Amino acid sequence: MSNLSTKALRVTVPHALRSKLTVGGQSERHEKIKSILGELFRHERIEGYIRTHDETRQYAERLIELAKKYGDRHVGTMQLMDYWIADKDLIHKVFKVFVPRYANTLGPYTNAHRLPIEYGKHEHIFKQRQNIVLEMKNNPYPRIIPDPRNYSNILTNVLLNEARKEYRNEKKLSEKTDI
Amino acid sequence: MALAFSNTNKFLLNNQHILRSVLILSVRYKQRGHIADHLVEHHRKLPLSKVKTSATEDVSQVNDEKNQNVRTTPHDFKYVYPDFLPNPIPFLRDRILEKLERKDMFRRRQQIDIPEFYVGSVLAVTSADPYAPSRRNRFVGICIQREKHGLKHEFTLRNIVDGLGVEIVYELYNPTITRIEVLKLERRLDENLAYLRDAPPEYCTFPFDMEPVKLPPGSGVPLNTIQVPITSTHWQYKWERHDLKGVLLPPLPRSVRKAAERYSEPWRQWDIMRQYRTEIHDEDRDEIFEDIEKHKQDLAQYRIDSKENIKIIRTRQKAAGRKAILDDSQQTKHSNPPTSK
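These protein sequence lines are chains E and B, in that order.
Under the UniProt record's numbering, the residue at position 12 of the first sequence is numbered 12, and the numbers go up by one with no gaps.
Under the UniProt record's numbering, the residue at position 77 of the second sequence is numbered 77, and the numbers go up by one with no gaps.
Bear in mind the hints are in silico, worked out from the structure with no lab data behind them.
Don't take every hint at face value.
[As the list claims (entries may be wrong)] Pulled a few chain B residues facing chain E out of the computed Cβ check, cut under 10 Å:
#, residue
1, 90
2, 91
3, 265
4, 268
5, 271
6, 272
7, 273
8, 274
9, 275
10, 276
11, 277
12, 279
13, 280
14, 282
[What the hints assert, rightly or not] DSBU-like cross-link-like pairs, simulated, lysine-lysine; straight-line CA separation at most 30 Å:
#, chain 1, residue 1, chain 2, residue 2
15, B, 99, E, 34
16, E, 20, B, 238
17, E, 7, B, 238
Computed from a predicted model, the values in this text were never measured in an experiment.
From the three backbone atoms N, C-alpha and C, an ideal C-beta is built for every residue, glycine too.
Work out the full structure, taking the sequences as your base and the hints as a guide.
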C-alpha cells in the first residue's frame, strides 16, 4: 500500500508500534487487532486492556481516514478493508454509516476513557491491569462523561415548560367545572 | 391453483420451491456477517473484482495494438522528486533544516538541469575531474538505487567496463556534476536493483556512446517488466527472501525455500500503521509541493532574465566600439522631438 497516504492522525501515535500484543508473531497480532476492530465497529463501545485497545484505536482511525479519502471505488482501499474487517457487512457500515457521520470532522473519530484499576481480579493478582473504554464518536448510547451544560434556559425548553404549565392549569380548571 | 412442477426439483411444486428459498434466505439473513447471494454475484461481475494484482502500484494499462505488454505509470510527484521528501522518522525531522535544504536544492537546480529519472533508467553523468586529461569525466550506467533524503540524496550508476563491474555513487546536488542526461527513461518492477550485481553482465552493460531513446510527448513513464536471471554462485544477499518481482531465481534446495517461507512477511503490506510511520503525511507533502511549484515559476523567470542579460552583453560586443553606441544614443535622443509645446 505504498501509494496510499493520509493526513497525520489526530490520536497519539507512539514512535514504535507495539509488536508484542500476542504470542505467535505478527500474523497473530493482526488477528487480535482484527477481532477487536470488528467488535468496535459493530458495538461502537467496547471495554478492554489498554495495550491492545489503544493499538487498535490507531488502526480504526487510519481505516476511516482512508475510507474518507479514497472512497469505496478504490481498489487498494477495498483490499485493505477486506483484510482488516472480518465480518463483511461491517465494510458496508464503514462506508454507509461512519464516512457520512465523520464527513465534516477532522479530529479523532474515537474516544478512549480510562477505567479504574481493579486489583486482584485478574490472573496475576498483584499486577495492575489498566482497562479502557473505546468508543466511536457520536454513537447512539448515552454519554460516558455527563454533559455539564445547562439546557433549561434554551428557548425551546422554556416554551415547552410554559406549554406544560398551561396544559396542567387547563386540566385543573376543567376538573373543577365538572365537579 | 395450477399444479406445475419446478425444473430443478421434481418433488416440489413451484410455489413450494419459492417458499423454501425464502425460508433459506431468512435463515441466512440472521447469520452474522452474511451477504446476500445476488449481491456477491453482482460484485463478482463488476470490473473491480477482475483486478488480481495487489494494490501496491497503480499501473494503467495502455491499449495499443502494437505493444500490449507496455505498461506506463503516471508522473507522480512522489516518484518524480523523491529527493524532496524528508526523513519520515519523526524524531529525526527538523522543519527549519528541511526548508533551508530545499532552498539550497532549488539554487542548485537553477544552475543545472536535473531531469526526472527513476531506478532502472539509463543515465549519463558528466562531472569535473582534475586528473582526467579533458578535466571532464562522463560515465554511463543504469541507476540501481536512490537513497538518502534532501540535500544528501544519492544515486548509484552501474555499468560494466572492460569486463569489470563498475558502480559510482553520485550525490545529486554535488556541485562538481556538470551535466545529467537521461538516455533511456523507464522504471523497473523493483525499487532497488542491487541484484544486477549477481546477474549476467549483459543486463547492465551499456555503451558509452549510447544514443538517447526518445519518448512520444505526453506519454507516461514506461514500466519495464523484464525479469533478470541470477546466475552467480555467490550471492551478495539472500534474494529469495526479499520479495523481488524482477528476478528469475534458479531452482533452490528445499531447505532454502523453507527458510524463505519462514522469513517471508506477507503481513507487512497490510500493516497500515507500520506504513504510516514510514511515510510523509499529506500536509507536509502539500507544503513541499507548493514550494516546488513556486520554484518552477521562479526558475522560468530566472531563465528569461538570464537570457536578456546575455543579449545585452552580445550587443555590446558586436558594436564597433563604445563611441558608436554613444553616438547611437545621442541620435535617438535628437530624433525624438518633444511632444508638449
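A quick look at each hint next to the structure:
1. The interface hint given for residue 90(B) holds, since its Cβ lies 6 Å from the closest Cβ of chain E, which is under the 10 Å cut-off.
2. The beta carbon of residue 91(B) is positioned within 10 Å of a beta carbon in chain E (closest approach about 6 Å), and the interface hint is therefore held.
3. Contact between residue 265(B) and chain E, as hinted, is supported at the beta carbon level, the nearest pair being about 7 Å apart and thus within 10 Å.
4. Proximity of residue 268(B) to chain E holds as hinted, the smallest CB-CB distance being about 8 Å (cut-off 10 Å).
5. Because the beta carbon of residue 271(B) sits about 7 Å from the nearest beta carbon in chain E, less than 10 Å, this interface hint is met.
6. At its closest, the beta carbon of residue 272(B) sits 5 Å from a beta carbon of chain E; the interface hint therefore holds under the 10 Å criterion.
7. At its closest, the beta carbon of residue 273(B) sits 5 Å from a beta carbon of chain E; the interface hint therefore holds under the 10 Å criterion.
8. Proximity of residue 274(B) to chain E holds as hinted, the smallest CB-CB distance being about 6 Å (cut-off 10 Å).
9. A hinted interface residue such as residue 275(B) counts as satisfied when its beta carbon comes closer than 10 Å to some beta carbon of chain E; here the least separation is about 6 Å, so the hint holds.
10. The restraint placing residue 276(B) at the interface with chain E holds, with a minimum CB-CB distance near 6 Å, inside the 10 Å limit.
11. The restraint placing residue 277(B) at the interface with chain E holds, with a minimum CB-CB distance near 7 Å, inside the 10 Å limit.
12. Checking residue 279(B) against chain E: minimum C-beta separation of about 6 Å stays under 10 Å; hint holds.
13. For residue 280(B), the interface hint holds, since its Cβ comes within 10 Å of a Cβ in chain E; the closest pair sits about 8 Å apart.
14. Annotation: interface hint on residue 282(B) holds; nearest CB of chain E at approximately 5 Å, less than 10 Å.
15. Note on residue 99(B) and residue 34(E): the hinted pairing is violated, with a Cα-Cα distance of about 40 Å set against a maximum of 30 Å.
16. Of the supplied pair hints, the one linking residue 20(E) and residue 238(B) holds, its CA atoms being roughly 27 Å apart against a limit of 30 Å.
17. Proximity of residue 7(E) to residue 238(B) is assessed by CA-CA distance (about 36 Å); at most 30 Å being required, the pair is judged violated.
Hint check: violations occur at hints 15, 17; the rest are consistent with the structure.
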